[in-house]
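Trainee: Please model the entire structure based on the sequences and the hints provided.
Number of protein chains: 2
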Amino acid sequence: MSQEKLLLIPGPSPVVPRILDVLAKPTVSHVGPDMVRDLKEACENLKKIVFCENGEPFIISGAGTLSMEMAILNTAGPGDRVLVLSQGYFGQRMADICRAFGLEHDVLECEWGKSVTPRELEQRLRAKNYNVVVCTHVDTATGACAPVEEYSQVLDKTGALFIVDGVCATGGVPERMDAWGIDVVLTAAQKCLGTPPGLSILVLSEQAMEKRRSLAAVPAYYSDLLRWLPIMHDPSKYFSTPGVNEVRAFAEATRIILEEGVEERFERHDLHAEAIRAGLAALSFGFFTDPDYLAATLSVVRYPDGVDDKAFRAGLYENGVVVAGGLAQTLGQVFRMGHMGNLSSAQVKFAIGAVEKTLQGLGCPFKPGSGSEAVNKVLKA
Amino acid sequence: MSQEKLLLIPGPSPVVPRILDVLAKPTVSHVGPDMVRDLKEACENLKKIVFCENGEPFIISGAGTLSMEMAILNTAGPGDRVLVLSQGYFGQRMADICRAFGLEHDVLECEWGKSVTPRELEQRLRAKNYNVVVCTHVDTATGACAPVEEYSQVLDKTGALFIVDGVCATGGVPERMDAWGIDVVLTAAQKCLGTPPGLSILVLSEQAMEKRRSLAAVPAYYSDLLRWLPIMHDPSKYFSTPGVNEVRAFAEATRIILEEGVEERFERHDLHAEAIRAGLAALSFGFFTDPDYLAATLSVVRYPDGVDDKAFRAGLYENGVVVAGGLAQTLGQVFRMGHMGNLSSAQVKFAIGAVEKTLQGLGCPFKPGSGSEAVNKVLKA
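Protein chains in written order, with our numbering: chain A, 1 to 381; chain B, 1 to 381.
By construction, these hints were calculated from the structure, which means they are not laboratory data.
Just so it is clear, CB atoms sit at the ideal spot from N, CA and C, and this is done for glycine as well.
Hints may contain errors.
30 Å max Cα-Cα, derived DSSO-like pairs, lysine-lysine [to be verified]:
| # | chain 1 | residue 1 | chain 2 | residue 2 |
| --- | --- | --- | --- | --- |
| 1 | A | K310 | B | K367 |
| 2 | B | K114 | A | K5 |
| 3 | B | K25 | A | K310 |
| 4 | B | K367 | A | K25 |
| 5 | B | K310 | B | K349 |
| 6 | B | K367 | B | K310 |
| 7 | A | K357 | B | K237 |
| 8 | A | K349 | B | K25 |
Every beta carbon over 10 Å from chain B, so not counted as near; a handful from chain A, in silico [as the list claims (entries may be wrong)]:
| # | residue |
| --- | --- |
| 9 | A24 |
| 10 | K114 |
| 11 | E122 |
| 12 | G159 |
| 13 | P174 |
| 14 | H233 |
| 15 | K367 |
Calculated from the model, a selection of chain B residues having no Cβ within reach of chain A, i.e. all distances over 10 Å [unchecked claim]:
| # | residue |
| --- | --- |
| 16 | H30 |
| 17 | E69 |
| 18 | P118 |
| 19 | E206 |
| 20 | G315 |
| 21 | G326 |
| 22 | A346 |
Mentor: What follows is the structure, given as structure tokens:
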């Protein structure tokens, strides 16, 4: 095993020992009392995290992409029109999924690093009717955070179901399902929720469940949420063996979130994002994402003149921090740093310290300590 | 947390500490060097476990049911005819999956506790052509093990692809893909492979991959194995974040299997099955499954006269062993005991000792020590 590094890619996020300890508990029966209690509690807690009173939560072995598929297959059928608000990589993926299943769909795109504006959405909806509108809340490739609350205000006047892909947002950025009229939040375990990857996670509103029931059939079996519903209500029932250890670890993750407080968690994500960006800016890094759309959960960072992507990331790795390179059109031009999940202030400081060390190792000119100083100023404010 | 019990349900099987320790390692990058090495090694080892030289292995976050779906969606399309050899619960499930996706299929059934005979298969194939034939190797509900090698001899004369659902068999009962001409083995992590649940696992032959490539499109996105193929060849590439901790734990599980020796592992499963059945028979239990079809991986056990199902299983639980009740038509009439994965002889002895204690607690007449004596006789032979 390589020496342990601080994992600051845009997911998986670092997993705290308390969650790893639960993950490593002896595997219990998938329909036994320990699992029943933990899956039920995880479902209840999940609803609190997305502010949903009466919806239906689903926690199923899979990944974020499977959550996306589950969300759209269970809310759109033949004759439905889907509008995908795409701000980058994962909007395109949602369009690909619609295509794979033959769902009629349009894509409303924007420049990478920004989001589709509520005004653009409004104009499109005046021109054409849609049954389902889906947006990526935070795009992992571009670092842009979409104005979900404002979208929901626009959609309020239509009968369209509203799906929010919260893979890089849920638990780190507000998603107030009931208040905003969101019908589906889909996400994965390994981002702001702080659990190892391996779960597809969704919450559907009552309207979304009604829509599922109105679909005669869906081109899905494992992804058919109606097959999972009885298990989420009573985990002692059997459909397909859930990932026992993962689910129990996720239950612990939701406990940690509620102990911290959901609002406090959002504030911490804001604070850490501000601190990290202040530190990086002090070291002459820039940001790819439009300042109006910066996400609290990750930063897409432009290099100072003369700093090479590969050399920088290799150096940073040696100094104990793993970040990701650019995706698609930003490849080689940026690095992406996640700052989400159960990150501590000490880890934020460590990360910027490691960036300074790396610049030093590469012989780049900078004022030693200036990054850390900027971080501390934000954290102490 | 409840006190730890010996988990002898027909999956999940008990997970040894060595695998739990790997599961609990800090989460690493899904495209980083540790994960690349482990996923590659797991893929190579998996091929050895099913005796496949040139096929394509897939290890994907999910469950056994998703493996079933992946197997059939990637080998059968419009115009294909599927024959499902059903010996119980999971054959019916495969038929349900075919129905959900509109695949033309027939079901060849048999009495619960037996398997469809090779002769019945031969007769059916004389009457009608099929492009894909799928069987459950060991049915978890009935405890019957199908004559897969003999099926393959019958199928050898046809051009049909042969899918084996090895969820309760792979790694505990021989599945010699190349020698027998099996085109797909599908399975899950938590049975004979001894890992916690959370993975869909498949190996496809070259013929099966050719068939997938010949299908213009499949009604799948996450389940489309062509999307996963580049990742299985080079895990530093990205499609959808794999379950890092689960995959690394599974890699460790495959190492344990190869260290034991695959043939030796099959022999151990045979021996433990024989020992457990000798012990239970000495205590006046009977078996639901036809003696010609007894699986080495689990037993479906009939009670002696006057022993109540619920009282017995509750008592056994108190004595440290978890077993499962009957499924569907056997509910209340049998218990199902798994004996698969990384079970030790000491655990086999403990299990029969716990059965004796339970009978004693219920006031059932039996010769004390007779069960354990029968077990020891087999294990020492």
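Trainee: Decide, hint by hint, whether the structure agrees.
Mentor: How the hints compare with the structure:
Note on K310(A) and K367(B): the hinted pairing is violated, with a Cα-Cα distance of about 73 Å set against a maximum of 30 Å. Under the criterion of a C-alpha separation no larger than 30 Å, the hint pairing K114(B) with K5(A) is inconsistent with the structure, at around 53 Å. For the given pair, K25(B) sits about 27 Å from K310(A) by alpha-carbon distance, which is consistent with the 30 Å threshold. Under the criterion of a C-alpha separation no larger than 30 Å, the hint pairing K367(B) with K25(A) is inconsistent with the structure, at around 37 Å.
Restraint check for K310(B) and K349(B): satisfied, since their Cα atoms lie roughly 23 Å apart, inside the 30 Å limit. For the hint pairing K367(B) with K310(B), the CA-to-CA distance comes to about 23 Å; that is within 30 Å, so the pair holds. As the CA atoms of K357(A) and K237(B) are separated by approximately 29 Å, the hinted pair is consistent with the 30 Å bound. Proposed proximity of K349(A) and K25(B) is supported: the alpha carbons are some 24 Å apart, at most 30 Å.
Its closest Cβ contact with chain B, about 3 Å, brings A24(A) to no more than 10 Å, contrary to its assignment away from the interface. At roughly 23 Å from the closest C-beta of chain B, the C-beta of K114(A) stays outside 10 Å, upholding its exclusion from the interface. Every beta carbon of chain B lies more than 10 Å from that of E122(A), the smallest distance being close to 30 Å; the non-interface claim holds. Every beta carbon of chain B lies more than 10 Å from that of G159(A), the smallest distance being close to 27 Å; the non-interface claim holds.
Distance check for P174(A) against chain B: the nearest CB is about 24 Å away, which clears 10 Å, and the non-interface claim stands. A cut-off of 10 Å between C-beta atoms confirms that H233(A) is not in contact with chain B; the least separation is 19 Å. Remark: the non-interface label on K367(A) is consistent with the geometry, its nearest Cβ contact in chain B lying 31 Å away (cut-off 10 Å). Listed as a non-interface residue, H30(B) fails to keep its Cβ farther than 10 Å from every Cβ of chain A; the least gap is roughly 6 Å.
For E69(B), the requirement that its beta carbon stay farther than 10 Å from each beta carbon of chain A is not met, with the minimum near 5 Å. Non-interface status of P118(B) relative to chain A is upheld: no Cβ of that chain comes within 10 Å, the nearest being about 29 Å off. Distance to chain A confirms E206(B) as a non-interface residue, since its nearest Cβ pair spans about 25 Å, more than 10 Å. The beta carbon of G315(B) sits about 16 Å from the closest Cβ of chain A, which is more than 10 Å, so the claim that it is off the interface holds.
The non-interface label for G326(B) is consistent with chain A: the shortest C-beta to C-beta separation is roughly 12 Å, beyond 10 Å. The claim that A346(B) is not at the interface with chain A holds, since no C-beta of that chain comes within 10 Å of its own (minimum 16 Å).
Violation of the numbered hints given earlier is confined to hints 1, 2, 4, 9, 16, 17; the remaining hints are satisfied by the structure.
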